[in-house]
Structures are given as structure tokens and as C-alpha cells.
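Let chain A serve as the given structure and place chain B on it in line with the hints.
This is what each chain is made of:
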Amino acid sequence: MGKKRKHSETEAAAPAKKDDSAPERPKRTLLGWKDKNEDAEESKAKAASASGFRNKEKVLVTCSRRISFRYRHLMLNMVSLLPHCKKDSKVEAKSSKGATLNELVELKGSSSCLFFECRKHKDLYMWMVKSPSGPSVKFLVNAVHTMEELKLTGNHLKGSRPLLTFSSNFDKDVHWKLLKEMLTQVFGIPKEHRKSKPYHDHVFAFSIVDDHIWFRNYQISVPHNEADKVARGGLDKMTLVEVGPRFCLNPIKIFGGSFGGPTLYENPFYVSPNQVLGFSLATFC
Amino acid sequence: MSFEDDFVEDDEMNMIDEDVASDSEADSLSDSDSENAITEKLAEPTKTAVYNRDGLLDKLQDISWPEDADWTHKLTVEIEQGQAVDVNDDLAREMAFYTQALEGTRQAFEKLQEMGLPFLRPADYYAEMVKSDTHMEKVKSKLLYEKKQMEESEERRKARDNKKMAKEVQSQKMKERAKQKKDEIESVKKWRKQRQQSGFSEKGAGELDLEFGNGKSFQRGGGKKRPGVSPGDRSGGKGKPTSRMNNKKREFRDSKFGHGGRKGLSKQNTAETTNDFKGGFRGGKAGGNKRQKR
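From first to last, the protein sequence lines stand for chains A and B.
Sequential numbering from 1 applies to the first sequence in UniProt numbering.
Sequential numbering from 1 applies to the second sequence in UniProt numbering.
Simulated from the structure, these hints should not be mistaken for lab results.
Listed below are the simulated DSSO-like cross-link pairs for lysine-lysine, each with C-alpha atoms no more than 27 Å apart in a straight line:
#: 1; chain 1: B; residue 1: Lys74; chain 2: A; residue 2: Lys87
#: 2; chain 1: A; residue 1: Lys172; chain 2: B; residue 2: Lys74
#: 3; chain 1: A; residue 1: Lys108; chain 2: B; residue 2: Lys74
#: 4; chain 1: B; residue 1: Lys148; chain 2: B; residue 2: Lys138
#: 5; chain 1: A; residue 1: Lys158; chain 2: A; residue 2: Lys87
#: 6; chain 1: B; residue 1: Lys74; chain 2: A; residue 2: Lys158
#: 7; chain 1: A; residue 1: Lys229; chain 2: A; residue 2: Lys191
#: 8; chain 1: A; residue 1: Lys158; chain 2: B; residue 2: Lys111
#: 9; chain 1: A; residue 1: Lys56; chain 2: B; residue 2: Lys111
#: 10; chain 1: A; residue 1: Lys195; chain 2: B; residue 2: Lys111
#: 11; chain 1: A; residue 1: Lys90; chain 2: A; residue 2: Lys158
#: 12; chain 1: A; residue 1: Lys237; chain 2: B; residue 2: Lys147
#: 13; chain 1: A; residue 1: Lys177; chain 2: A; residue 2: Lys58
#: 14; chain 1: A; residue 1: Lys177; chain 2: A; residue 2: Lys56
Stretch-level coverage of chain A by chain B, calculated; a stretch enters the list once three of its residues show a Cβ under 8 Å from a Cβ in chain B:
#: 15; segment: 128 to 136
#: 16; segment: 146 to 155
#: 17; segment: 212 to 220
#: 18; segment: 262 to 270
Simulated restraints on C-beta separations:
#: 19; chain 1: B; residue 1: Tyr145; chain 2: A; residue 2: Lys195; range: 33 to 39 Å
#: 20; chain 1: B; residue 1: Ala69; chain 2: A; residue 2: Arg66; range: 38 to 44 Å
#: 21; chain 1: B; residue 1: Glu146; chain 2: A; residue 2: Met238; range: 21 to 27 Å
The beta-carbon is built from N, C-alpha and C at its ideal position, and this holds for glycine as well.
Next comes chain A alone, as it looks inside the complex (with noise of 0.2 Å):
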């Protein structure tokens, strides 16, 4: 079978030999009769958003095995957070995680990965990792509070477009503006993704204090009757309402390669849990 022609092809074409002979008669599709201005628009507008960029990320989730049930909630919070994700099930511990988890990137066609390892029962961390030779950086994460709990009263549309605000620190340095990079790429969704909703009505906030990321999650309500204009005054009475999940992200070190590699960054201040616990056994004896 021949390769099959795009109309727009033929369209350019088309125009090259016109002659102003007699009107053009409009042009004959499966569906009916497709006027000639019509159709020149489409391809327009066709054409511009090919030129243009289009967000094709997709992110895996997964996590360690022996992952504790905060961590979970966590961890599945996050998946109806982002609906351009794919869950994946438990990755054995003892193996060398950096090939396993590469190849199973790979093999699902994703471009970004979260990894959540839980180690001692206690303390989470969470590797966010570029495929296939993005940079990999790995956080220690503290201050859970899922979604499940009650003091988190607001709520969403799942799978709607976030707003993503970022505080003006993390222009300051080169690791803070590439962390910035990989989270709006990772956290923010497709625009035309075909799970995503339309209107904007959840923010996230990323902030940097003390050194560490922050994360929070709003519900946005402003008294509005039309869906493109909001009310003279209404942007005053706009409230947030917390959805949740919220935590905290400490930055351990930033790899070159994905899950590997050459170590980039290295957070001078960061004491692993163990040392601490080590610490304060040893003030003890």
C-alpha cells in the first residue's frame, strides 16, 4: 500500500497552479463539503502548533518494597496528582537498582521516573530522574501529611492543569534553578494530555527555606460566573483552601546521568538519618 498523503500536502500544492478562471469549487471530504478558506485556516493553525512544542512527558512512579503506609498514601497521592504518570509495581531492593530501574524506564517509554525508597521502616527518600541521560537528583523527604487527612479540606478536579509558583530563591544558584527545571517538567501536566481537564483551579507551591523545597497543594476559589473572566473585585476575594499532599524535600545530591553517574551536587549540609541517630546515641553512652 502507498504511503498515505496528508492533505495539507496536497494544499500546498493546490494553491501553486490556481488560476482565477472560474470560482473554486469548495473541496469534497468524507464528511461533506469543505470550504476552501476553512480548510487553508486549519492547516494554519495545524502547521503553527506543529512548529511550536509539544510537552510529551511522561513520568513513572514506583517505589521500594517494604514501603510503609504513609509512604504509600504518599506515593499514590501523587499518582492522582500527575495523570500523565504510570504506576508500576514494587522494585526488588537487593538487586542494583540503577540498571533495573533504567531499563524498566525504557521499557515503558517514559521520559522522567519517581522513585520512592523507604529504608529502615522510616525514612523516605525519593529519587526524580531525566531519562534517558537526564540529571538524577535524590531527596530526603520529611513533614508527610497525605490527602486522606481531615484537616485538608479542599479538593479539585483530578487531572486539571496546575498553576506552578515557585519563590524567587530558586533563581539564586545553578542547583536551585536546574531543581526548578526538572520539577516544572515532572509536576506540571501536558497541556493537551488526553487525561487532563481544562480550568485551572489547584496551585502548587514550591518554596525554598532553610535549604529545603516545600511543597504545598491549594484548592482555588473565587466567586466568578463566567469561565474566562473573573468578577470585577472577585481576585480580591479569592481564597486558598488546602488539598494536600504537603512535604518536605532535602536535597542529597544531583547525579549526571540517571540514577548514577557523576556526582554534579553535593548538599554540604545534609546529615544522613543514620548519622543522626548515631549522634544522639553517642551523647547518650
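Chain B only, in chain A's frame:
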């Protein structure tokens, strides 16, 4: 302290590797000042920390999206942080995050409004939400319960205060009355003495310049007015309030035991109970009180 180009070739992520590295940092622990809770960190940065600025910039260029991508793809807003927030002050921290998100939303909405894109959800748009309806029911009942608790405690406090006030006022009045009585008796005695001294001369009522105050003290019952009694009130306005308050208890007991009592159909799978999911917050104290009274 060199944060220079320091290509430490790390292997894949072996935990053993990290523990070895952390052992080498063990001597820096003696300088360290590990505070409690979330902000555990070293007071002095470790000397061996890697900071490869060029490598980081390279990677940033690699993964960045093209410059001409529309803002609607990224939807990011940067907000100035006011002043440094203390991590341990929960309220201030949360306020800072809240204001950051609020400011960001404002700016983003202004941009979206300019672009003419719909961004507010219409009231009739129903779709799957990120928290299920049953969950939101639980949240709502918990909020209502909390509100009820607060209101009840407010009422109790008010009632207590009122009682105190009333008691004070009452004691004040009693004192006043006692004083008045004493005064009157004193004045009568004085008048008697006066008369005795002046030898019981018939001076007439005009001499009686006794201070009996105003005419009020001559009223019967000491000036207490009886409020108008409603015609339907068979107790004549003197009914005790408690007889009205025990009505609910009486009603309940009547419905349970009166006229031969209820038949045993107390637990049933009915239309109302099918949708009652387990874990509905029914307000803890409601059942407990009755148990205690027995």
C-alpha cells in the same frame, strides 16, 4: 574550601558507598550542631562537597524546553519572598506559603484573562474529583462536629459568667437591703429618743422629719413586682423551669417504655442505613453521655 570542578566518579547507587562516604564525614560531626526535627544539618559545610557548576549548567541546557514554548505549557510564576521565614514557626511559614500561592494565582489569572482562555470551572461542570465524595462527607461531618463543640463550650462559658454576675448582683442587693433596714431601725430609735428627750410634747406629724426615703419602701412585699402571668400557665407564674427541661428525657423514656414499649426492630438494613459508610463521624459524645447516666 573548594567547590571547584571535582569529578568524583560514583558508581551506581550502592548504599554501602554512601555509608563509607558518611563515615569520612564523621569527624566533621564533632563540629556539627545537629538541631532537632526537620532542620538537622551541619553547622559547617563539609569540605568534600562537590559543586560542579559547569556540569549543572550543561545539564540544565540539555533538559530545558525550547525558548519559544508558550507560557501556557509551563504555567510557572515566580514570586518574591518577603523576608526570611523561620522554619520552626509553623504559622509564619504556612502564611508565607499561602501568600506566595495567592500572589502567584493572581498573576497567573491576569495573564490567562488577557489571553482569553477559560480557566474558571463553571458551576455545572461535574467531573471526577481528586478526593471521593465519601471522603468529603467525612471532612464535612468533622468540621460540623468541631463547630458544634466550640459553640457548646461558648454557651457554657457564657452561662457560667452570667451566673456569676447574677450572684454578685444578688449579694449586692441583699447587702443594700440589710443596710436600709438597719438605717430605718436606727432612725426610728433616734426619733423615739428625740421624743423622750423633748418630753413627749405633741408636735404633730410635721416634726417627723424622718428619712423614710421615698414612698417605695411602704409597698407590700418590698417592691417586688410580679410579671404578668400568661393565662395558659396553670402554675400561676411560679412554675419551676426544670419541669420544662426534663421534657426531652421524658419523651424519650415514654417512646421507649411507654404503652408496653417498642418491639424489637431497632437494628435493620433500611434505605437510610445502606448509604451510611463505616467511619461516619457521628459526634463522639452523643452515645457516651447516656451510658454514663446509668
